[in-house]
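J.: Sequence:
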Amino acid sequence: YEPFLRTERPFLVMTPESAEMTKYVANCLLATKISFINEMANLCESYNADINDVRRGIGHDSRIGFSFLFPGVGYGGSCFPKDVRAVIHMARTHGLPARMMEAIDEVNEAQKNVLVHKVLDHFQDDAASKTVAIWGLAFKPKTDDIREAPALVLIDALLAAGVALRVHDPEALANVRTIYGDRLTYCDRPYGALEQADALAIVTEWNEFRNPDFEVMSRLLRHPVIFDGRNLYDPAKMAALGFTYHGIGRAAVPEPLTASEV
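If you count the sequence shown from 1, position 134 lands on 363 in my numbering, and the numbers rise without skipping.
Rather than coming from a laboratory, the hints here were simulated on the basis of the structure.
Every residue gets a Cβ at the ideal spot worked out from N, C-alpha and C, and that includes glycine.
Please note: incorrect hints may appear among the correct ones.
[Stated by the list, open to error] Lysine-lysine pairs mimicking DSS-like chemistry, simulated, CA-CA at most 25 Å apart:
(1) K262 with K371
(2) K262 with K252
(3) K311 with K371
(4) K369 with K252
(5) K369 with K311
(6) K311 with K262
(7) K369 with K262
(8) K252 with K311
(9) K311 with K466
[Unchecked claim] Okay, the calculated beta carbon distance ranges per label pair:
(10) A278 with N436: 37 to 43 Å
(11) D355 with M250: 50 to 56 Å
(12) D355 with E246: 54 to 60 Å
(13) L325 with S358: 27 to 33 Å
Input sequences plus hints: build the corresponding full structure.
T.: Next comes the structure, spelled out in structure tokens:
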């Protein structure tokens, strides 16, 4: 273990059982923070508060901090869902309640549908005639892993509603194609996905999505509508640029008035 000790990081000795539980507890706590901030985001949205302001307010409390308190569309991947459910199973096996872990999992699964509701509420009865672009398919940036990815929940629901989908991800297109085949239009470039789309949904916070050319986006989209599942953009800026903007835990920026409505 000498190479590890040279890093000056603490080296802890414990039983295999404690080491295993340490890993489970760490991931469950991180999942807890994600589900907590997402539930508070939904409350903020109903209360006309901004979860980003609330996050800044609580994050400066040294007892809380900022890590893993980013509202969004829920967690996915191979670790958090599996470990939360493993702890639930362990508790049940020993006759113990797992109420908090069950709630964390339930909140997360519900949060994966948050963009579904926003998109369908926006289009209402016209959804089957619409095309939506999706940026981000992997469960997180810098991977092609789509296991339990929130994007898959959005894709399934919108396809079921008859929405045509144009999708882009820097890494995960091939993996998504193995599931959906020719039911989706796959785009190698983010702007290519916007062509003739009625709206954009952002599901994964890849860095290349953070500072796009909004003029180009507005020109390519049939309607300048963005459903931002990662709160990448500033609502006030989006309003000034003429976008209809729906974030997570923030008041929606409404559609700009037409000349006849002014």
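J.: Hint by hint, note whether the structure agrees.
T.: Verification of the supplied hints:
1. K262 with K371: Holds - the C-alpha atoms of K371 and K262 are around 22 Å apart, at most 25 Å.
2. K262 with K252: holds, 16 Å
3. K311 with K371: Holds. K311 to K371 sits at ~20 Å (cutoff 25 Å).
4. K369 with K252: holds, 20 Å
5. K369 with K311: holds, 16 Å
6. K311 with K262: holds, 16 Å
7. K369 with K262: holds, 16 Å
8. K252 with K311: Given that 25 Å is the threshold and the Cα spacing comes to 12 Å, the pair holds.
9. K311 with K466: violated, 39 Å
10. A278 with N436: 37 to 43 Å: Since A278 and N436 have Cβ atoms about 28 Å apart, the given range 37 to 43 Å is violated.
11. D355 with M250: 50 to 56 Å: holds, 51 Å
12. D355 with E246: 54 to 60 Å: holds, 56 Å
13. L325 with S358: 27 to 33 Å: Once the Cβ atoms are compared, 51 Å apart, the range 27 to 33 Å for S358 and L325 is violated.
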